[in-house]
Amino acid sequence: MSATEAKTAYVGAPVKRREDEPLLTGRGTYVDNMTPVGTVFMAVVRSPFAHARVTSIDLTAAKAADGVVAAFSAADLRDDWKAAMPCAWPVTEEMKNPPHYPLTEVARYQGDGVAVVIAESRAQAKDAAELVDVDWEPLDAIADVSKALADGVPLVHPDLGSNECYVWRLDTDATGEKLEDADVVVSRHYYQPRLIPNAIEPRAVLALPGAAGDVTLYSTTQIPHILRVLVAATLGLHEAKVRVVAPDVGGGFGSKLDVYAEELLALALCRRLGRPVKWVEERSENYVATIHGRDFVTEYTLAARKDGTITHCRARVTAAMGAYLQLVTPGIPLLGAWIYSGPYAIPNYSVEFTGVFTNTTPTDAYRGAGRPEATYVIERTMNDLADELGMDRLELRRKNFISEFPFTLASGLTIDSGDYHASLDKLLEVLDLDGLRAEQETRRENGVAKQLGVGFSTYNEMCGLAPSRILGAIRYAAGGWDQATIRVHPTGSIQVVTGTSPHGQGHETAWSQIVADQLGCEIGEVEVLHGDTAVSSIGMDSYGSRSLPVGGVALCYAADKIIDKARELAAHELEVSPDDLEYADGSFTVKGSPDKERTIKALAFTAWSAHNLPDGMEPGLEATAVYDPPNFSWPAGAHAAVVEVDTETGDARLVRYVAVDDVGTVVNPLIVDGQVHGGITQGISTALYEEGTYDEEGNLQSANLVTYLVPSAAELPSFELERTESKSPTNPLGVKGVGETGTIASAPAVIGAVIDAVSHLGVKDIQMPATPERVWRAIQEAKS
Amino acid sequence: VIPARFDYDVAESVEHAVELLGAGGGDTKLLAGGQSLIPALKLRIARPAKLADLGRLTDLAYVKDGGTHVAIGAMTRHATVAADALLDEHCPIVSYTAAQIGDPQVRHRGTIGGTLSHGDPASDMPAVVLALGADLVARGKGGERVIPATEFFTGVFETALEPDEVLVEVRVPKLGASTGWAYAKAHRRRQDWATVGVAALVHRDNGSVAGASIGLVNMGGTPLRAKAAEDAIAGGASVADAAAAVTEGAEPPSDLSGSSEYRAHLARVMARRALEQAMG
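These protein sequence lines map, in sequence, to chains X and H.
For what it's worth, our numbering labels the leading residue of the first sequence as 1, then goes sequentially.
For what it's worth, our numbering labels the leading residue of the second sequence as 1001, then goes sequentially.
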């Protein structure tokens, strides 16, 4: 029996998160909890304009203020940067990437940094930052993604002659039929509102100068390993001199998957000043200085035969990059590029993305990254195609579902497993659609103000980033593998070092479950270390629903190596052939003589004492595995939203939300439920509440939690969660990613329900978010 | 997150608070519950030279029977107002509305005196005291004076309080069985300010509707009385017709929660619903 077939005890069990008690009782260690002796504090002076040239900058008054240690302009620090700020995903050879640095002399978005002030306290730094005297020459700005390529608009980077960053295409033509010749063609325009991530812990940085030219960077990051490589390159340091630590990190959703100006500034300044430098983002600063998400304009087209067989899909997307390219900004649309056919077998496929610069905060990865944008336009258009065909909306979906796996998509990737009908069947079991339709009919007949609507989303997605060879083929700079090290201590307890970097996901708990099952120990005997490059030397960190299907799988392979070595040792001690041993639950027994036994715990001591090892065997019981996934991970499911719309006020309220997800093997149902809850909420929020808006001049209007509506529990019903399970054949655990499914699935279900609630009034389209005013206006327009 | 520098004093009595206000020459702000002021300080929108903290004036936290009215001390927290039995019996629109303000944290720190003195046209309680025709009691150097609610709200974040006056008490009339009431609030999230709010009181005489008082939230630079709609009700108009007149004289703002046009529509819907509910 191999390790991967060991009996499961912990995997699948709702083990409570071991992370929670210290975090909930205030004993976590966040960056801002650390203030070494001698720490100075940094404040960044930011542009109030979306586009403006600094004609002069006077730091005299700031430098003279109480407690101020130093102040620097962009020019003062120019020589500190050995490279421009990094973009790891040049999606085409021709892509434009004008170099940008942690401070600038031409602000290209509201919030772009132009100077820093360092003081003995955070308050003194903030006060002195107000005293930096900047003369601005305001320039014309463009904030609207839909106008960025129009003639005569202001240019974010005038040297480029255009706001175009790149054009990327993927076309296949399997059947040779033209889209235009299809029986039915439905084409729609959509806007994905700009979203502003609000992790509960804002960003924070603490940079410590070491005694030997080394530096340590504590950062609220999702990517300590990648960050280490890139800050070393940007500052011209040897990687060996840079240690990056992600201590407890309070959420990220992709917004902490980046290399930020403040990280580089704090590192440069700690070296200049010889003192620890700390910066903690203010919440309103978070609105301008941390990356945004989405801001896509899409034209999406489906073509079908009269019988409902879909023959073509086509997406034409204009995606806002913001003012500069951050770490993976240009690649975000590509994360959805292969799945614009959704869970449907569509033979002809065409996707074109145009990345454009705007005078706005740079965009980058935000939960779902490229895939919610795809699912939304597919599922909305599926509804309209069904209506156009006169078919039931779910019947159209079923007719086109991919139903045999593995299935190679027209876009070229292969889905390893799934059962899309099963998820939809289960959804309908729970939903009581007939009852809802009857209730809807009654309300319509009675003409009451509050009307009911039901919306669906049948989705799939690709995550678990990612096979390194594919990443290379699509011009991403790094690989997609991850590593795990397992050490069995002499006394038998187990240390796991992972290359993933949890920031709220519960890896310590889930990884312990996996390892405890593999090595037959108690979960409490496993410690999990992460998030410090001095402890976990290599890894690819946490984003893109990759931690479990990549880093978690690496644990299995490391455990296999431990078992293999322990088997040799046991055979040596018992004087039998390794093949004569059976392994189960952390123990080897001789076939036919079950009293002859060696446990892994005992063997760990033997390996450590090294008194009696087979010839050539190294002491110690430790193994590292680096796992490069052969395929992406392919979760899928079926969601439904039930919404009540006040037709007089336009107010839409969610009354039920049912989600059926297939994420393969569930390691910990509590954690999976938590991920699904949070994910769904973020999609609902996109559909009904959140919208980052700029005015014509590029001033951010939704600049705080009062005007940018993050919903609370009071706005949401209790979700009804169900699962189906088709194990991934790609990895020994059978797992798939779950971190983004809810966000990818939920927005079209909710908007579909809002439109359904008022469709009898003639409403066919409402753009996101469906604010009361938008819904009211849609009803008014339909009436007139 | 970090306010600009300010000095801080604790008011030991109302008289002391008045003295601190006078000494500050208009640059001292009173800190009551702090639910509006502290965020404004943190955003550096407000930069007073000094805060005079009223937090120790616990003798201003009360709800008392005043005969024909109920007297509410200015430092009474919204949560206390919301749960008060005397108000629930005699002027339930006040306790109901207090429970609609912000979220539980806000209601446990914010005070009725604070929200009225702040003069935010988007706050719930000002329109309610306006509709009620409440009296607001202020104390200054010259002693105490009573300001009718109808004269209290003078502009955006402006009130009739003199720079060295402290609001000490709110007197809300006891509503008899002949008065119906409703407060209808349209808002996006539970804790948000009203996009539009409508406070309605319907007075009956021998069982038939004799008149109405209607207060509007976030429909102009101050909380407003909807005089035209009130007159329509008094003149025997239908609820629908009266509600249609509710925006007369209003200048609803346009912001991310809604355009002026939408707010006007919303006010008519909420007024109709509030009046229908108040008529029972």
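Hints may contain errors.
Partner residues are not named here, just some residues of chain H that face chain X (Cβ under 7 Å, in silico) [unchecked claim]: (1) VAL1001; (2) LYS1174; (3) ARG1188; (4) LEU1256; (5) GLY1258.
The calculated lysine-lysine pairs, modelled on BS3-like cross-linking and capped at a C-alpha distance of 30 Å, are [as the list claims (entries may be wrong)]: (6) H:LYS1185 / X:LYS126; (7) H:LYS1185 / H:LYS1064; (8) H:LYS1064 / X:LYS126.
Derived from the structure by calculation, the hints contain no laboratory data.
The model shown is predicted, which means the values in this text are computed figures rather than measured ones.
Backbone N, C-alpha and C define an ideal beta-carbon position, used for all residues, glycine too.
Consistency of the hints with the structure:
1. VAL1001: holds, 4 Å
2. LYS1174: violated, 33 Å
3. ARG1188: Cβ of ARG1188 (chain H) sits 6 Å from chain X, so the hint holds.
4. LEU1256: holds, 5 Å
5. GLY1258: holds, 5 Å
6. H:LYS1185 / X:LYS126: Cα-Cα ~38 Å, so violated.
7. H:LYS1185 / H:LYS1064: holds, 27 Å
8. H:LYS1064 / X:LYS126: Violated. LYS1064 (chain H) to LYS126 (chain X) sits at ~46 Å, over the 30 Å cutoff.
In this structure, the hints that do not hold are numbers 2, 6, 8, in rising order.
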